[in-house]
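One line per chain: the protein sequences are F and W, in this order.
Position 4, counted from 1, in the first sequence is what the numbering used here calls 12; the numbers after and before it change by one each time, with no gaps.
Position 98, counted from 1, in the second sequence is what the numbering used here calls 106; the numbers after and before it change by one each time, with no gaps.
Honestly, the hints are just simulated from the structure, not real lab data.
The hints are all genuine.
Same chains, same names: a pair is fine if it fits in one copy or spans any two.
Derived pair list, reagent style SDA-like, types lysine to any residue, alpha-carbon separation capped at 20 Å: (1) Lys57 / Arg15; (2) Lys68 / His78; (3) Lys68 / Leu21; (4) Lys57 / Ile84; (5) Lys43 / Ile11; (6) Lys57 / Asp22; (7) Lys68 / Arg34; (8) Lys43 / Ile59; (9) Lys68 / Glu31; (10) Lys43 / Arg55; (11) Lys43 / Glu12; (12) Lys68 / Ser30; (13) Lys68 / Ile58; (14) Lys68 / Thr38.
There are 2 protein chains.
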Amino acid sequence: MTIEEMRIRIDVLDRQLVELLSERARAAQTIGNLKAATSLPVYEPEREKIIYANVRAANKGPLPDIELTHIYERIIDVMRALQRNELASQRNAQAAQVERDRSGLAADARASETGKKQ
Amino acid sequence: MTIEEMRIRIDVLDRQLVELLSERARAAQTIGNLKAATSLPVYEPEREKIIYANVRAANKGPLPDIELTHIYERIIDVMRALQRNELASQRNAQAAQVERDRSGLAADARASETGKKQ
Numbered sequence: 009m010t011i012e013e014m015r016i017r018i019d020v021l022d023r024q025l026v027e028l029l030s031e032r033a034r035a036a037q038t039i040g041n042l043k044a045a046t047s048l049p050v051y052e053p054e055r056e057k058i059i060y061a062n063v064r065a066a067n068k069g070p071l072p073d074i075e076l077t078h079i080y081e082r083i084i085d086v087m088r089a090l091q092r093n094e095l096a097s098q099r100n101a102q103a104a105q106v107e108r109d110r111s112g113l114a115a116d117a118r119a120s121e122t123g124k125k126q
Numbered sequence: 009m010t011i012e013e014m015r016i017r018i019d020v021l022d023r024q025l026v027e028l029l030s031e032r033a034r035a036a037q038t039i040g041n042l043k044a045a046t047s048l049p050v051y052e053p054e055r056e057k058i059i060y061a062n063v064r065a066a067n068k069g070p071l072p073d074i075e076l077t078h079i080y081e082r083i084i085d086v087m088r089a090l091q092r093n094e095l096a097s098q099r100n101a102q103a104a105q106v107e108r109d110r111s112g113l114a115a116d117a118r119a120s121e122t123g124k125k126q
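Pulled out of the complex, with its shape left as it was, chain F reads as follows (with noise of 0.2 Å):
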């Protein structure tokens, strides 16, 4: 095989990589989503030593597992505060939606109000 043929073989590799990578981010957020209604904390140190467990058992080289570790502690950032941006945004969602309600009764009783007085 010549250096072309292999960098076309990586190129596509690197396509599928991407595939995978934002499948896995769309469970993160999916996570974000879930934590958001039951208080859970983005980061939980527990969950993440058996993601790196899981990451070194299927481990079969030709990568040390450090390295391959090393990868990972960056996928692990970029997935973290893509969780993160998910729970703002749901909490600000949810914010909006206490206030759109906070708002909207208070309309109510100012309606009932000029109701009453007519």
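With chain F's structure known, arrange chain W on it following the hints.
Then chain W, alone, in the frame of chain F:
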């Protein structure tokens, strides 16, 4: 879906990611071997630009391009280190072969000298 079910899904995705990263690493090693034969450098900025462009083009979200690039910077770093190791071990093997050939020739020369003296 519960958080537990999503985590089982993520563990499966992680094992698939490890498989793809390993395959990409093997391809990088092969390129390292080919580079050893052609004296190409490990660091090729133009090639890395193509890799990042390919990754961004494949990205359909939910990760922002900048976050995906962060992950890829780490992947490229690790692959470059692997390629450097591959090149170094290739060159050590070549140097050892040259040394063996040289010793062999010297031994032949000595044997031939001894032969003449007899």
